[in-house]
Amino acid sequence: MNETLKNTGLFAVVAALIAITGFSQSWNSALLILNMGLISAIMALGVNLQWGFAGLFNVGVMGFVALGGLAAVLISMEPVGDAWAAGGVGVLLGLVLGAATITAAVLVTTRMAPGRVRTATVLAVLIGGFILYRSVFDPSVEAIEDINPANTGYLGGLGLPVLLAWPVGGLLAAGAAWVIGKTALGLRSDYLAIATLGIAEIIIAVLKNEDWLSRGVKNVIGLPRPVPFEVDLQNDPGFVENVTDLGLDPVTASSIFVKLNYSILFAVVLVILLVMAQLALKSPWGRMMRAIRDNEVAAEAMGKDVTARHLQIFILGSAICGIAGAMMTTLDGQLTPGTYQPLRFTFLVWVMVIVGGSGNNFGAVLGGFLIWFLWVQVEPMGLFLMETMTAGMADGNWLKEHLMDSAAHMRLLTMGLILLLVLRFSPRGLIPEK
Amino acid sequence: MDVLNAIVALSNFVLIPAIAYGSQLALGALGVTLIYGILRFSNFAHGDTMAFGAMVTILVTWWMQSLGISLGPLPTALLALPFGILGCIALLVLTDKAVYKFYRAQKAKPVILVIVSMGIMFIMNGLVRFVIGPDDQRFADGERFIISARTFREMTGLSEGLAFRTSQGITIVTAVVVVIALFWFLNRTRTGKSMRAYSDNEDLALLSGINPERVVLYTWMLVAGLATIAGVLYGLDKSFKPFTYFQLLLPIFAAAIVGGLGSPVGAIAGGFVIAFSEVTITYAWKKVATYLLPEALEPDGLVQLLSTDYKFAVSFVILLIVLLFRPTGLFKGKAV
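Chains as they are written, first to last, in my numbering: chain A, 8 to 441; chain B, 130 to 465.
Treat the hints with care, since some could be wrong.
[Unchecked claim] Listed below are the simulated DSS-like cross-link pairs for lysine-lysine, each with C-alpha atoms no more than 30 angstroms apart in a straight line: (1) B:Lys367 <-> A:Lys215; (2) B:Lys236 <-> A:Lys311; (3) B:Lys236 <-> A:Lys225; (4) A:Lys289 <-> B:Lys238; (5) A:Lys215 <-> B:Lys415; (6) A:Lys407 <-> B:Lys370; (7) B:Lys322 <-> B:Lys230; (8) B:Lys367 <-> A:Lys441; (9) A:Lys225 <-> B:Lys367; (10) A:Lys189 <-> B:Lys238.
Please keep in mind that the hints were generated in silico from the structure rather than gathered at the bench.
Remember, predicted model here, so these are calculated numbers, not experimental data.
Please work from the sequences and hints to get the whole structure.
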């Protein structure tokens, strides 16, 4: 069987799986799977860039995704005027002071000769700067969070169109990736893994606790949407007439129409990124990346700047995850920092890349769709399995109830099993690297 | 008097919790470091291994409690601990035979083994949630306190109370016993010596007739024991929740790396470094400062450097500092 045919077949299988969901459950849930599948595919593309192209082990995907989500809030929400008046300047000044302290400490470390004097100066700069920063920052934060805490209590955003948040989410993630890459990329692979794991936890901690920025666990809800609201469509006589002519119920049709709009937007982004990733892979730059991945020492001997290239691709891959994060928050219409979990947002994306085929962009995209489909559908399947298994038991039997309650946790088990099976029997994934 | 009160407050809120937490981290980090030294990869499933061992122990504890078996003032979980360790050994040896052995034979790159351990992590995480559920579980019984704050106040006449919980006492004693036993095993017994030899130089160890599969088997057994003990102690001291154990991965790895991966002494030192920095940096120092400073200088705020939610940030920053300035850790670890 020829390769293109096989790959097209694999994509057709996934499309058929989603279509079956549409016919057997509802087109709404099929489109939900499709939309999150598109976003997952973009995340997988980002991780594939880092792992598949360059062999960088990034397990901080969740952090970059969350930063993208933050961008959606910062760009699209209306600014809270009172909060800005109360403490906007103070917060910004505090942040500048904090950054200045760190810069000063770094400058002292690099400029002064090593010794006790240097250690003392660095410590003095850090401690003094920290006290100064807290004394400016804390009162402003308190002032902001006191303003109507039930509804706002944060600075709000810029009130710009939400679509703008997607590239900005990428930029935000890229900025964070630059800082992380600068410090951690020189390290060995598993140190980089731990470092990125830690950064992701810290980003989530910041989003959860800095209420002035993201409302913390109070969540930001009601983000503006790039597509019409269902209610508006249902009240639009033109739309209602059109869909009734087609023989559809206006309520269902409006929600499907909105989801389709999202699908189109996401698909456009995915195609653009996929084309770019594909061009990059085939370019001399892509070959250089793979050369570095396969043998760093040889690549360095050929005059390639390994650290700089690693930093570059780390930033690019993280930016893609940031874009995906902003898209996801736009789709949800809310930022809920409490829901970011590493198993779902970091390790699941890794399963997508490994199962799909690391090093192959189409593989990563396929993995994104397939694994997301399974992640959603394993739960009902697990429930069905449990029902069949416990069919003989009496209702109210403790074992039966326990098994039925636990069916939801089947998905983690299944994901682990899929990952291990693929690693063992098809380590290069469903669509291997050429 | 004020100085004494300050010391008591400091011990109550900083020293004792940090020593207990440090002991738990040290036991966890010892497991990570043993796997790194002998199997040569970072085991991402370690947090979930701890959760699994603790889960088996909890189930046996509940069973014993239902039969009316108890240890009097001590928690029943101590009696159930050996069963937990056996269960954990069974699981780890099984995963080794079913999964890791294949990659060892292939001489796979360490990073592949890390990804494999990610798969194991998913499975163990799912298994634990499947059996015991994702919620908080309480299984501590027996006396709650060795000294309660009130008894201490009455005993000494100080205004500041010192509470020393049973779980903290047990944690410290158990950690000391386990560490002594582990070092005796590694330094004095034949098997322990062969493990160290294998860790130092694999080829040389193989040449001198050490059976690698045996070394690996003993490593998993030790790791299962350490992980279960660490998991049960953490669960007794705080509470058992599968997700918390997964999150422990970060401070545990930080401890192992700060100490120097592959070095058991380093893992213990690293555990305490991380625990003490986390507790001191997130502790509100107002109380201690009020006792020590003259009234004019008394602080208005809480004098808390960072809110407790940022404790991950603390372990992470320390990790980063150590990696930047001393990449092999405090006690020279190994680099694969």
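Here is what the structure says about each hint:
no.	hint	verdict
1	B:Lys367 <-> A:Lys215	holds, 22 angstroms
2	B:Lys236 <-> A:Lys311	holds, 29 angstroms
3	B:Lys236 <-> A:Lys225	violated, 49 angstroms
4	A:Lys289 <-> B:Lys238	holds, 26 angstroms
5	A:Lys215 <-> B:Lys415	holds, 25 angstroms
6	A:Lys407 <-> B:Lys370	holds, 23 angstroms
7	B:Lys322 <-> B:Lys230	holds, 22 angstroms
8	B:Lys367 <-> A:Lys441	violated, 51 angstroms
9	A:Lys225 <-> B:Lys367	holds, 26 angstroms
10	A:Lys189 <-> B:Lys238	holds, 25 angstroms
In summary, the numbered hints that this structure violates are 3, 8.
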